[in-house]
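Top line first, the protein sequences correspond to chains A and B.
Going by our numbering, 39 is the number at position 39 of the first sequence; the sequence numbering is gapless.
Going by our numbering, 39 is the number at position 39 of the second sequence; the sequence numbering is gapless.
No lab work stands behind these hints, which were simulated from the structure alone.
What you are looking at is a predicted structure, and each value in this text was computed from that prediction instead of being measured.
There could be a bad hint or two in this list.
[To be verified] When the alpha-carbon atoms are kept at most 30 Å apart in a straight line, the in silico DSBU-like pairs for lysine-lysine are as follows: (1) B:K200 x A:K88; (2) A:K65 x B:K88; (3) B:K106 x B:K65; (4) B:K65 x B:K200.
[To be verified] Here are some chain B residues the structure puts well away from chain A; computed CB gaps all over 10 Å: (5) R42; (6) K106; (7) P125; (8) T126; (9) A173.
[Claimed, not checked] Chain A side only, calculated, beta carbon under 7 Å to chain B, not exhaustive: (10) R53; (11) I60; (12) T129.
Built from N, CA and C at the ideal position, the CB exists for glycine as well.
Here is how the chains run, residue by residue.
Number of protein chains: 2
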Amino acid sequence: MKTKADKPPFILASSSPRRRELLTSLGLSFTILKPEIDENQRAGEPPLDYVRRLSIEKAIDVLMKIPQTGLVLAADTIVIHENIVLGKPVDANEARHMLHLLRGRKHQVCTAITLMSVVREPDLPTSLTRLTITDVTMRDYTDAEIDAYIATGDPFDKAGGYAIQHAEFSPVAHTEGSYSNVVGLPLETLGEMLGEIGWKI
Amino acid sequence: MKTKADKPPFILASSSPRRRELLTSLGLSFTILKPEIDENQRAGEPPLDYVRRLSIEKAIDVLMKIPQTGLVLAADTIVIHENIVLGKPVDANEARHMLHLLRGRKHQVCTAITLMSVVREPDLPTSLTRLTITDVTMRDYTDAEIDAYIATGDPFDKAGGYAIQHAEFSPVAHTEGSYSNVVGLPLETLGEMLGEIGWKI
Chain A
1 MKTKADKPPF ILASSSPRRR ELLTSLGLSF TILKPEIDEN QRAGEPPLDY VRRLSIEKAI
61 DVLMKIPQTG LVLAADTIVI HENIVLGKPV DANEARHMLH LLRGRKHQVC TAITLMSVVR
121 EPDLPTSLTR LTITDVTMRD YTDAEIDAYI ATGDPFDKAG GYAIQHAEFS PVAHTEGSYS
181 NVVGLPLETL GEMLGEIGWK I
Chain B
1 MKTKADKPPF ILASSSPRRR ELLTSLGLSF TILKPEIDEN QRAGEPPLDY VRRLSIEKAI
61 DVLMKIPQTG LVLAADTIVI HENIVLGKPV DANEARHMLH LLRGRKHQVC TAITLMSVVR
121 EPDLPTSLTR LTITDVTMRD YTDAEIDAYI ATGDPFDKAG GYAIQHAEFS PVAHTEGSYS
181 NVVGLPLETL GEMLGEIGWK I
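Using the sequences and the accompanying hints, generate a full structural model.
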């Protein structure tokens with residue numbers, strides 16, 4: 001019988017505290033290794049190709065840094081508004097602009113998850129990437145609410161400049177699809193993928 | 001009903017004539033786009049990580065060059081002898097050295113196949129990579145046979161310096177696993193992967 005100590009390590013290739021919390025909620029034990037890649041969108045690259053490529057490149061980068069067994073989970077989340085990717089706002093002006101754009105309207109949040117296995121079981125995928133898309137409709141928040149939210153400093157490490165789970169601002173009126181996807185890691189998709197790649201939680 | 005014309009294009013990201021022939025034998029119609037990537041093995045990179053990475057990077061490279069629908073198939077094949085990757089020999093001396101190394105002994109041939117879909121169906125993988133490994137045992141060919149084979153020019157575009165299907169040299173005594181894998185594209189694995197990604201042959 002295999003004991004827990006026999007199990008190869010699970011590595012989260014992300015420095016996002018939200019992803020760490022979501023993964024912990026699955027009862028997984030894991031270590032964290034921050035990927036170091038160029039995260040810029042290429043000229044003409046469609047949003048869904050872009051998010052997929054980043055999650056794959058993060059996984060490859062971290063895989064190069066670990067010992068010879070393990071499973072790497074990498075993810076990238078983008079906010080798409082009318083086919084334009086909204087990244088993390090660099091300053092208050094950009095955050096204000098994004099939150100104006102999104103107000104009262106529908107946009108998409110897409111996370112690409114990549115699993116790459118260093119332990120290679122015959123007949124199982126050695127790399128697997130899936131996209132999860134959630135339609136998010138924002139409520140009609142006021143300019144004053146935007147300014148108060150920006151003053152908390154919360155928008156600056158978040159794609160699209162907001163956190164769905166922020167209790168005071170609470171900017172989202174309605175979602176269609178995975179909620180955890182909007183936080184940063186779609187747990188339903190991840191659960192399916194772990195099964196496909198042969199990882200027992 | 002969908003007609004054949006509705007079907008998004010299938011793109012083979014490889015310039016290998018063997019892969020083209022094997023794919024044709026499946027009855028697939030496809031176009032060819034040659035990937036342009038750095039094919040060098042990184043320092044300390046294990047052979048199976050290396051072949052996986054190349055197949056993924058080829059797929060990403062070609063995906064950037066195609067219109068907005070389609071399925072990209074990329075593959076990379078390596079020959080592994082005692083955990084060392086044998087690439088394509090650059091000259092007759094290197095080909096001779098490789099064929100001496102392999103003579104009368106067992107080595108592994110590994111192909112990584114990556115499928116990346118530009119058409120994204122919900123609930124299907126958007127990128128999928130599998131490895132196929134075949135154990136190959138060479139026969140005890142003579143030095144004269146090696147020289148005659150090198151003189152045909154056949155070894156120089158082949159990993160490990162040989163083609164299993166070369167009728168005169170016919171260097172392989174025995175295989176365990178997929179034969180088409182040794183030629184360059186394991187058709188059994190490919191068939192399964194096309195099913196997983198939702199592509200009807």
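For each hint, the structure was consulted:
The suggested pairing of K200 of chain B with K88 of chain A is violated, with an alpha-carbon distance near 39 Å, which exceeds 30 Å. Of the supplied pair hints, the one linking K65 of chain A and K88 of chain B holds, its CA atoms being roughly 27 Å apart against a limit of 30 Å. Between K106 of chain B and K65 of chain B the CA atoms are separated by roughly 39 Å; this puts the pair beyond 30 Å, and the hint is violated. For the suggested pair K65 of chain B and K200 of chain B, the alpha carbons sit about 24 Å apart, so the restraint of at most 30 Å is met.
Consistency note on R42 of chain B: stated as away from chain A, yet its beta-carbon is not over 10 Å from all of that chain's, at 7 Å minimum. Separation of K106 of chain B from chain A is adequate, the least Cβ-Cβ distance of about 17 Å exceeding the 10 Å criterion. At roughly 6 Å from the closest C-beta of chain A, the C-beta of P125 of chain B falls inside 10 Å, breaking its exclusion from the interface. Against the 10 Å criterion, T126 of chain B falls within the reach of chain A, whose nearest CB is about 5 Å from its own CB.
Remark: the non-interface label on A173 of chain B is consistent with the geometry, its nearest Cβ contact in chain A lying 23 Å away (cut-off 10 Å). Here the hint on R53 of chain A is kept, as its CB sits about 6 Å from the closest CB of chain B, short of 7 Å. Interface hint at I60 of chain A: satisfied, since its Cβ lies 6 Å from the closest Cβ of chain B, which is below the 7 Å cut-off. For T129 of chain A, the interface hint holds, the least distance from its beta-carbon to any beta-carbon of chain B being 4 Å, beneath 7 Å.
This entry does not satisfy hints 1, 3, 5, 7, 8, going by the numbered hints stated previously.
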